[in-house]
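So the protein sequences, as listed, match chains A and B.
Numbered by this note's numbering, the letters in the first sequence go through residues 1 to 805 in order.
Numbered by this note's numbering, the letters in the second sequence go through residues 1 to 54 in order.
Think of the hints as simulated: they come from the structure by calculation, not from any bench.
Hints may contain errors.
What the hints assert, rightly or not - Below 25 Å or equal to it, Euclidean Cα-Cα: the simulated BS3-like pairs (lysine-lysine) are:
1. B/Lys-53 x A/Lys-181
2. B/Lys-37 x A/Lys-135
3. A/Lys-631 x A/Lys-270
4. A/Lys-631 x B/Lys-49
5. A/Lys-631 x B/Lys-53
6. A/Lys-201 x A/Lys-631
7. A/Lys-625 x B/Lys-53
8. A/Lys-625 x B/Lys-49
9. A/Lys-181 x B/Lys-49
10. A/Lys-653 x B/Lys-29
11. A/Lys-466 x A/Lys-389
12. B/Lys-37 x A/Lys-692
13. A/Lys-308 x A/Lys-280
Predicted model, so just to flag it, every value in this text is computed and none were measured.
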Amino acid sequence: MSSRLTIDSVELEGFRVFKGRVTFNFIEGLNVIHGPIGSGKSSIIQAIEFALYGNQLEARERVARLSDLINEDSNEATVALRLGGNLIVRRLMRKGNSTYQTLTLNGNQSTDDYLITLLGVDDDDFERFILVSHKTLEDLVYGPVRRRTLAIDRLFGLEFLEVLGSVLPVRQVSEAIDVRKQRLASIREAEDLLRKYGSIKAALDKRSSLATEIEGIREQVKAISSAYVELANRRSRYVEAIKRVEEQYTRYLYVRERLRQLEEELRNVKGEDYGEVLIKGSLEVIRRMLIPRLESVMLQELSERLEKANTIDELLELSYSGVNALEGKVKELEEELEVMRRSRDDLGRLIDRTRGELSSLMERLSVIEDAAKQYAEYVKKYGDLGKVKAELESARSEYNEIETVVKVKASALEILNYLIREIELHGEATCPVHGFKVTRDRLSELKDRANNLQRELSELRIIDVKSRVNELERVAVEMEGLYAQYVQYQELLSKVDEYKAQLNQYLDKLQKLERAMADLEKRIKDFRSIIELAHKRLEEAERRYLIYRKIKERDALRLEENSLLNELKGSGINLDEVVSIDEALRDMEKRMDELRRRLEEATSEYMQLDTVLSRISHENIDVEKTLSEIKELEEINGRFQRILNRLNEVQGKVRGDVVNIIQSKVIDLFKQLYPYSDLEGITVKLQHRKGKGSDYVLYALRGGRDVPVSRLSDGQRLTLAQSFVLAVYRLMQHNLGFILMDEPIPYVDVNAKRAFSETITKAISEGMIKQVILATQDDTLLEALIKSSEDSKVRSNVIKLQRPK
Amino acid sequence: MSAKSSEAIVELIRREFSEDSELVLSLYKAYRERGVKGVREELNTMLSKYGIKL
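Throw the hints in and build the complete structure from the sequences for me.
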């Protein structure tokens, strides 16, 4: 920003109202050029523009003629502009040749292009955002949406797209095409003519050849007509005689003609190949083929009628009926076969499913098979679980009983052994249980009793019983553990049997079905081959029968012709001559018909050609050139149309980009320049017109509601317009640090002028722009600007101008 | 002419009008040099041989 150029001064000589040399100095900050109309305010602004862009003022129609810028009493005009402290741009223009100018930079000759590179702004962009007119500001925020859209487009340098859309002459080109087509339409066959004959010269040649041909045909028709009249006269002489035998003669003519046809048809036919017996024989073969088949499909009545058929006609008719009936039957059988195929497929799926389920059962069986077998072995060895449990119970009872006896007997044995030991040691002993004394004399008795007890104990076999109980307990526990699997195994076994039985049933059924299908297919095949064979033979028999009948007819007609000839000769008519005259007359009529038809065609073509060619010659149209122009214009219009179609899309896209810039830059600037709380913000949207592009729509946010820009005050609107200009000014890369304004707000009230002034000075104080040079005749605006600059402490410079005397 | 907006427009035309970009660019050049009048003159040059005048 700091490197951008500001204007230090402008020196004018012989420029518009300034005859003598005059210099105006400017400062960084606000510069107001104030004075009445005609005092030269706009001349100073224009001089700056002239110094920077010279010829472009005329090209851009800012002035009608550049020479108008030279003071009327001067021969030349010079403008010297000092920029950024050390750059002096001087442009000189002489009367009589205003296009000749000299441009110097710091005293050295220079060029416009170099200067533009130095400034970083061409004349076009200069007009967009450096030289700000009231029109630019007004268009941005006043008037209809369309006008605002074009103003925003222009500010962003996009107005060319709109210009392009409005200027492409699609309608005029279409009209030019139509005019040419209409011109050709008056000779609308011209295109066909070229397509048909290749060129106009070829069409002309064709017309003359047709004329010659028509003349030739007319002469031929004339000659044939006179010959025809002569022959007709000769024939009329026979008419009286013929009238008497008219019926026979007519019949004779028919017989003769028909006989000629038949002789021609039967020329290579040998009569013996077409005898009745032969034909009947072949039909008999067909009958024998058909009858058993018809009976097999219950077509009894037809079969009987065929059996009784006697003549060739009957045989042919009934055989064809039989073949057709069999064809119908074959269709029914095919439908039946299709039903069987579907059943087979269903059965196949059922078998697959059953096999799958069976296989799953077998897997489950194999998992529990060992357990079930184990259980079965236990059953085999010990009986079922109930029995094992009963035995266990019984063994336990036995064991308990034995155990009690053993305990008693063991105690008794122990006491006896004690007593024996005591007696043997001490000669006597006291019973530890009963306390009585036992002496030696009872020793042998005691020993006997002890031996008896010992024997009795050993005979009790308590260990065997115990081991039996243990074994049964183990078996019972294991069997209980295996029982559930055993039961499941048995159930699964039963299911497996069921599935196997089911599967066998299905397989059996499938086998039967496949056998039935094979039979049916065989039958259908047989019927088809019989039908085909019968058809072929029937057609052959019918063909032979037809020839046989023609032979019979020919033979009969030969006899009749002889008889009629004799009859007619007897009546004195020279039949050969009459017939030859009739034939000649028929040939002539035929030839005349052909000639007339060709004459009609040739005349019609000739007339069409002649009409079109006469018109072309009359209207002096170069058809080929016109057609080629139509083609070229259609191509041009196609391009225009394509551009227009694309244009809508492109405009929508770039306007979308502009909306983004406005949202991010313009609205931020607006907030900076308008720091009051009555507006919460600005929104901008792209509104699409149906089939007609798009427009920018601006709203201000007030009290939480969108309000159209048209309902804002002048001050608010001008601030918004300023925000637009400043946004573009800041966005573009250039080297200028100033903005020029020539009477920027001529039609607004004092409040708006104050608001505008505040905006300008705020833009300077906020550092958005270094220098503003504003020209106005408006005293109120001048006051407002000075006050605003003082309030915001912005440097200001007022250049007062007087109207020259 | 090194102004940025015209460069951006030229780039836009080249990008968006592909096969017709040369025609659109010639019209844009005429517009930049002579305004809307220039565009009309350019089109007139193109169409005058067909008797079309804008």
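Each hint, compared with the structure:
1. Distance hint between B/Lys-53 and A/Lys-181 is fulfilled; the C-alpha atoms sit about 19 Å from each other, no more than 25 Å.
2. Straight-line distance between C-alpha atoms of B/Lys-37 and A/Lys-135 comes to about 20 Å, which keeps the hinted pair within the 25 Å bound.
3. For a cut-off of 25 Å, the pair hint linking A/Lys-631 to A/Lys-270 is broken: about 70 Å separates their Cα positions.
4. Of the supplied pair hints, the one linking A/Lys-631 and B/Lys-49 holds, its CA atoms being roughly 14 Å apart against a limit of 25 Å.
5. The straight-line distance between the Cα atoms of A/Lys-631 and B/Lys-53 is roughly 19 Å, inside the 25 Å bound, and the hint therefore holds.
6. Distance hint between A/Lys-201 and A/Lys-631 is fulfilled; the C-alpha atoms sit about 22 Å from each other, no more than 25 Å.
7. The straight-line distance between the Cα atoms of A/Lys-625 and B/Lys-53 is roughly 20 Å, inside the 25 Å bound, and the hint therefore holds.
8. A distance of roughly 12 Å separates the Cα atoms of A/Lys-625 and B/Lys-49; the hinted pair therefore holds under the 25 Å criterion.
9. Taking the CA atoms of A/Lys-181 and B/Lys-49, the gap is near 17 Å; set against the 25 Å cutoff, the hint holds.
10. Distance check on the hinted pair: A/Lys-653 and B/Lys-29 sit about 22 Å apart at the alpha-carbon level, within 25 Å; holds.
11. Distance hint between A/Lys-466 and A/Lys-389 is fulfilled; the C-alpha atoms sit about 15 Å from each other, no more than 25 Å.
12. As the CA atoms of B/Lys-37 and A/Lys-692 are separated by approximately 24 Å, the hinted pair is consistent with the 25 Å bound.
13. Taking the CA atoms of A/Lys-308 and A/Lys-280, the gap is near 14 Å; set against the 25 Å cutoff, the hint holds.
Consistency with the previously given hints fails for number 3 only.
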